[in-house]
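Below, each chain spelled out in residue letters.
4 protein chains.
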Amino acid sequence: MPDRPLILIDPLPRTLDVICEPDVRKRLEALGRLVISEGKPMADAEVDRLLPEAEILIGQTAMPKARLDRAPKLRAIFNVETNFLPNIDYREAQARGIWVLSPTSSFAAAVAESSLAMAIDLARGITAADRAMRSGTELYGLAANEGSFMFAGASVGIVGFGDLGRQLRALLVPFRNPVKVYDPWLPADVIRAADAEPASLDEVLATSRVIFVFASVTTENQGFIGQREFGLMQPGACFLLMSRAAVVDFPAFLDAVRSGRIRAATDVFPIEPVAKDDPVRKVENLLLSAHRTGGMKAALHQIGRMTVADAELILKGLPPVMCRRADPAIAARLRSMPVAST
Amino acid sequence: MPDRPLILIDPLPRTLDVICEPDVRKRLEALGRLVISEGKPMADAEVDRLLPEAEILIGQTAMPKARLDRAPKLRAIFNVETNFLPNIDYREAQARGIWVLSPTSSFAAAVAESSLAMAIDLARGITAADRAMRSGTELYGLAANEGSFMFAGASVGIVGFGDLGRQLRALLVPFRNPVKVYDPWLPADVIRAADAEPASLDEVLATSRVIFVFASVTTENQGFIGQREFGLMQPGACFLLMSRAAVVDFPAFLDAVRSGRIRAATDVFPIEPVAKDDPVRKVENLLLSAHRTGGMKAALHQIGRMTVADAELILKGLPPVMCRRADPAIAARLRSMPVAST
Amino acid sequence: MPDRPLILIDPLPRTLDVICEPDVRKRLEALGRLVISEGKPMADAEVDRLLPEAEILIGQTAMPKARLDRAPKLRAIFNVETNFLPNIDYREAQARGIWVLSPTSSFAAAVAESSLAMAIDLARGITAADRAMRSGTELYGLAANEGSFMFAGASVGIVGFGDLGRQLRALLVPFRNPVKVYDPWLPADVIRAADAEPASLDEVLATSRVIFVFASVTTENQGFIGQREFGLMQPGACFLLMSRAAVVDFPAFLDAVRSGRIRAATDVFPIEPVAKDDPVRKVENLLLSAHRTGGMKAALHQIGRMTVADAELILKGLPPVMCRRADPAIAARLRSMPVAST
Amino acid sequence: MPDRPLILIDPLPRTLDVICEPDVRKRLEALGRLVISEGKPMADAEVDRLLPEAEILIGQTAMPKARLDRAPKLRAIFNVETNFLPNIDYREAQARGIWVLSPTSSFAAAVAESSLAMAIDLARGITAADRAMRSGTELYGLAANEGSFMFAGASVGIVGFGDLGRQLRALLVPFRNPVKVYDPWLPADVIRAADAEPASLDEVLATSRVIFVFASVTTENQGFIGQREFGLMQPGACFLLMSRAAVVDFPAFLDAVRSGRIRAATDVFPIEPVAKDDPVRKVENLLLSAHRTGGMKAALHQIGRMTVADAELILKGLPPVMCRRADPAIAARLRSMPVAST
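Protein chains in written order, with this note's numbering: chain P, 40 to 381; chain W, 40 to 381; chain R, 40 to 381; chain U, 40 to 381.
Treat the hints loosely; a few may be bogus.
Identical chains share a label here; the pair holds if one copy fits it or two copies do between them.
Keeping only pairs whose Cα atoms sit at most 20 Å apart, straight-line, the calculated SDA-like set for lysine to any residue is [unchecked claim]:
id : residue 1 : residue 2
1  : Lys336    : Ala182
2  : Lys104    : Glu94
3  : Lys321    : Leu271
4  : Lys355    : Glu259
Since the hints were derived computationally from the structure, they do not count as laboratory data. Predicted model, so just to flag it, every value in this text is computed and none were measured.
Kindly produce the complete structure, drawing on both the sequences and the hints.
Pasting the structure below:
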């Protein structure tokens with residue numbers, strides 16, 4: 040059947056097996072002829088040879104204008120690493136009506152539930168209490184909860200209200216927290232529609248008992264939470280860094296935690312893996328997580344589910360509905376490091 | 040104003056300050072003449088002298104028939120330790136139309152949020168990952184989440200569906216867990232009304248990925264979760280013991296955890312404080328909490344709020360709506376140990 | 040099996056068939072020996088003869104002290120008409136530890152969904168627009184909605200926050216209405232726990248765009264919403280009378296509607312059936328409902344389900360959890376008319 | 040300030056006043072230099088003269104390729120009639136990176152609350168009971184509800200799961216209806232994420248007690264619910280036509296209602312205004328609404344709020360988040376009639 044659409048699959052650093060459960064893999068195979076490069080990037084010669092017939096490209100293959108010129112049938116490019124990188128000429132793709140897509144919300148559910156648990160952990164001292172009991176220093180009665188506070192009803196601030204922030208906000212509903220959101224990319228009405236109050240960064244930091252940071256790194260916001268900003272936070276505030284280390288001034292962050300003024304959790308570090316002798320490993324009042332809140336098998340499978348569902352729609356002539364569309368202007372501003380593996 | 044109602048306050052092991060925030064204390068003082076014994080039980084002679092005029096008794100004062108006979112104006116007794124104890128002749132109190140009440144749900148919100156955080160902690164390995172990072176043994180990438188599973192959507196079992204169980208169930212809503220409940224004291228319709236499925240104990244244990252135990256201890260159920268029951272659980276199941284140590288066979292519980300078949304969290308221990316050399320302190324796969332999930336200041340303040348609100352209603356001739364009413368038959372079956380302090 | 044509990048069933052104006060679906064009837068039959076009087080009240084002689092052995096009484100049989108004295112085994116009386124009437128010596132029943140119960144929430148779901156639909160109908164002019172179209176006077180475009188307002192987000196007031204009010208409040212959640220509640224029998228914390236604001240009657244009336252009245256009639260509140268109160272309402276307010284006609288001054292109510300100041304819906308009338316020539320039938324801006332919002336088969340079946348579930352618990356020595364317990368003081372104040380049939 | 044962006048406003052059949060509340064109008068004026076044509080379309084000559092400088096176009100101005108060629112600075116076109124019409128060369132606009140947007144969800148809240156109220160009206164007979172009481176034919180007791188059923192818990196089917204369908208689905212949450220959705224443009228996962236079950240059209244029609252139709256008209260689906268489909272519905276099913284008359288075979292629809300097999304509500308008619316002598320005006324079991332469920336002031340104001348919020352983002356170089364983006368392929372398929380006024 041020579042007419043079946045040609046689908047190039049070049050998912051490094053992912054593999055097809057990691058992102059597709061068997062039933063999703065089957066749906067993908069039913070869509071067309073798959074040419075798959077796993078474990079290594081697809082060879083340039085092969086890409087160039089196949090592009091003239093390709094209708095779908097799944098992967099982070101370099102797609103400068105010259106290659107788009109060679110791909111007259113191409114209808115969609117799916118980034119399955121889930122951060123838009125400068126590998127594509129986004130404006131040219133748009134001009135040709137090629138969908139450039141990424142299932143960016145794949146990790147949201149995994150990160151959100153971890154973030155909530157870590158926030159309650161900080162408020163209630165769960166990990167610290169386990170450590171105390173293991174070292175024989177636990178207290179009982181009211182003394183056991185000195186410094187603890189109820190997470191339910193506590194004022195919450197969210198910095199960055201994309202997929203992660205919204206998913207977290209949904210989990211908060213039964214806790215009835217008043218929620219303020221800082222997100223300079225969003226209109227107030229979008230934030231209010233999620234039962235949250237739009238606010239400036241300073242207001243969020245100064246008035247929230249629990250602060251979640253989900254902001255992406257852009258060319259403009261590196262280190263935007265620094266010494267001044269940590270100084271704005273309330274004594275005893277809990278600060279959860281869940282997106283990228285580069286959005287905070289990391290030394291200022293650790294100083295604020297070490298001083299005892301705030302408690303914190305972080306899933307990200309300026310250099311990963313963290314050095315064996317990095318003093319961050321010994322900081323008190325800091326819940327440590329080695330960049331692991333997102334990387335669940337179930338989250339990776341989401342990548343495949345969302346990609347295949349949208350590929351199905353596109354091949355039927357319908358618009359995609361599950362993945363995020365790349366905006367050329369935004370893609371140019373993002374500064375995430377590529378994922379090293381998985 | 041000699042007609043103001045006489046209110047006896049004998050709250051040991053609580054104190055009035057611990058259970059009443061200032062505004063609630065003021066409301067209590069506005070209700071009548073308070074006679075308060077703090078720090079020690081009210082002297083028998085004083086109790087006997089005051090009972091003929093007393094309209095409200097707040098505390099765990101012994102109230103056998105002989106004393107009820109001396110208290111013709113008594114309208115309500117509030118147990119503020121929050122477990123009905125055998126200190127009252129419940130049948131005689133009922134026969135006289137005396138409300139016997141306790142704000143038993145005071146601790147529900149505090150316990151529920153801790154329970155949820157601990158459950159996600161077990162599912163996602165949060166405390167264990169912090170420990171690993173402190174000891175320099177953390178992994179990265181997919182390996183960091185070996186054995187983890189998404190709490191969202193995981194099958195949940197709840198054993199005991201009183202205030203704690205229901206509060207926890209409400210927190211689960213955004214996670215969309217299928218929930219089964221075992222509670223032999225409740226009709227199926229009550230469980231279904233909370234979007235949960237009634238089930239036998241064995242079914243709950245055998246089919247749930249995460250099991251919460253909130254059951255009270257009665258004369259009939261001591262150690263009802265033992266070796267056979269732990270054997271029914273799925274490999275990798277998470278078991279959270281949040282009510283009383285006596286509902287499980289504790290050695291069988293620890294064996295199941297040590298074997299690696301299940302992960303667990305416990306807030307309660309057969310003997311508290313736990314001995315410094317108790318081997319429970321070293322068990323892997325066990326999240327340790329030294330009977331601290333309930334004892335928050337905010338929870339203790341709930342005791343005062345609920346007690347005073349119901350006292351206000353009763354003195355207006357209205358029925359109480361916030362506290363639980365003692366059922367003589369049930370009160371006789373409960374076997375909670377009195378609280379040592381606070 | 041002579042030891043099976045004796046259960047007297049005397050449900051007039053209900054019949055057992057009307058309140059029990061087949062599976063519930065079977066559960067009832069499994070509980071004990073049933074003696075049933077349907078279609079007419081149980082003969083006094085039979086009641087007197089059976090009471091010495093009776094353990095459960097389902098029905099509105101007269102139970103003065105003399106009869107309670109004859110019923111040493113009686114554990115529970117279920118009023119299945121669902122209004123506590125002065126047919127029982129409530130204090131004596133309480134003194135004997137006899138549960139006096141009624142499945143008062145049986146009608147709540149049926150009334151609540153009708154109330155919501157009627158409120159949206161008034162806000163959006165649904166029934167009026169149907170009438171206009173049937174008479175050929177409908178308008179199009181914006182003119183079609185002159186005077187309409189969005190129910191979503193409109194300020195709501197609830198007068199009486201028992202089963203009906205709470206059920207209605209639950210249905211409002213997705214509409215995000217700010218909700219104020221007036222209920223002098225409830226503490227502020229109970230109202231706040233339902234995400235509503237406690238307020239005085241005047242404040243509720245003066246600040247709400249949509250007002251629901253679910254209050255019961257007592258010896259004290261007859262006609263408590265009268266000319267002064269209708270005058271407090273905002274022009275264009277919608278007033279829904281869903282409980283008992285006697286809580287409003289009915290002529291003042293109709294005057295307020297006729298004047299065009301408010302729109303209204305009523306399910307109740309001072310005299311029912313309403314006279315054929317009663318001018319109420321022609322009032323504009325009034326949505327008419329002939330006491331039919333509660334009387335659904337499904338609601339009547341709830342009576343049986345709740346009664347049988349609690350009878351099952353009581354015969355196992357457990358406290359009832361589904362029905363409301365009669366409070367002697369409250370029962371003495373209620374002034375509902377008995378239901379004429381069904 | 041010659042650099043302020045030029046914004047062309049050509050909103051016929053809307054006017055700026057109708058779609059903008061004063062605060063939104065102020066925000067719009069703050070964005071740039073407005074050139075407004077209200078009450079009549081902007082003259083061709085003026086459009087042609089202004090396009091070379093225009094950055095934003097709000098309105099349904101014809102924008103063929105030749106005009107896009109004249110508009111090198113144009114960043115966005117907002118359709119404020121809210122249906123994508125064939126007035127734009129969508130492919131060329133996309134190729135130039137011009138956002139083509141429409142606040143299509145503006146009417147969703149207004150339509151959804153009306154739809155819910157009408158569905159409960161059909162289930163519970165509300166409008167019919169008002170009519171009966173006005174004509175003196177009302178019944179009382181159980182007879183008053185002959186043929187009624189509880190909306191809560193009834194099986195619901197939704198045909199078309201765009202903005203309207205999703206908004207309606209959100210309102211159903213407290214009613215706990217099992218919900219099936221037919222929408223051939225959506226992946227199953229999107230439907231499941233809204234707690235609904237994807238199903239074929241036939242399955243939705245055959246298994247639902249209440250069926251809501253929100254489907255748009257396309258070149259492919261005109262009259263897709265016809266005699267065969269009405270025959271699939273359950274006796275007593277309620278059918279609500281809320282989108283466009285052309286999606287049903289209207290005579291077959293009325294036949295099904297007249298036969299008494301189904302009850303229905305419709306907000307749309309093949310020809311509007313409906314002829315004075317159209318027999319549809321007399322059909323029993325049909326709730327009539329003269330295309331008025333959406334046209335609320337508050338909904339029209341939504342158009343302005345969403346448009347201005349997205350224009351603000353775009354002029355800051357950010358992607359729009361509130362309006363729907365036109366997909367060239369989809370825009371070509373839609374067949375809505377233009378709105379005549381407002």
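Checked hints:
1. Proximity of Lys336 and Ala182 under a CA criterion of 20 Å is satisfied inter-copy only: 10 Å between copies versus 40 Å inside one chain copy.
2. In this assembly of identical chains, the alpha carbons of Lys104 and Glu94 lie at most 20 Å apart only when taken from the same copy (16 Å versus 26 Å across copies).
3. Within a single copy, Lys321 and Leu271 get their C-alpha atoms no closer than 25 Å, and across copies no closer than 40 Å, so neither meets the 20 Å cut-off.
4. Taking the shortest Cα distances, Lys355 and Glu259 sit within 20 Å of each other only across copies (14 Å), while inside one copy they are farther apart (39 Å).
Hint compliance for this structure: hint 3 alone is broken.
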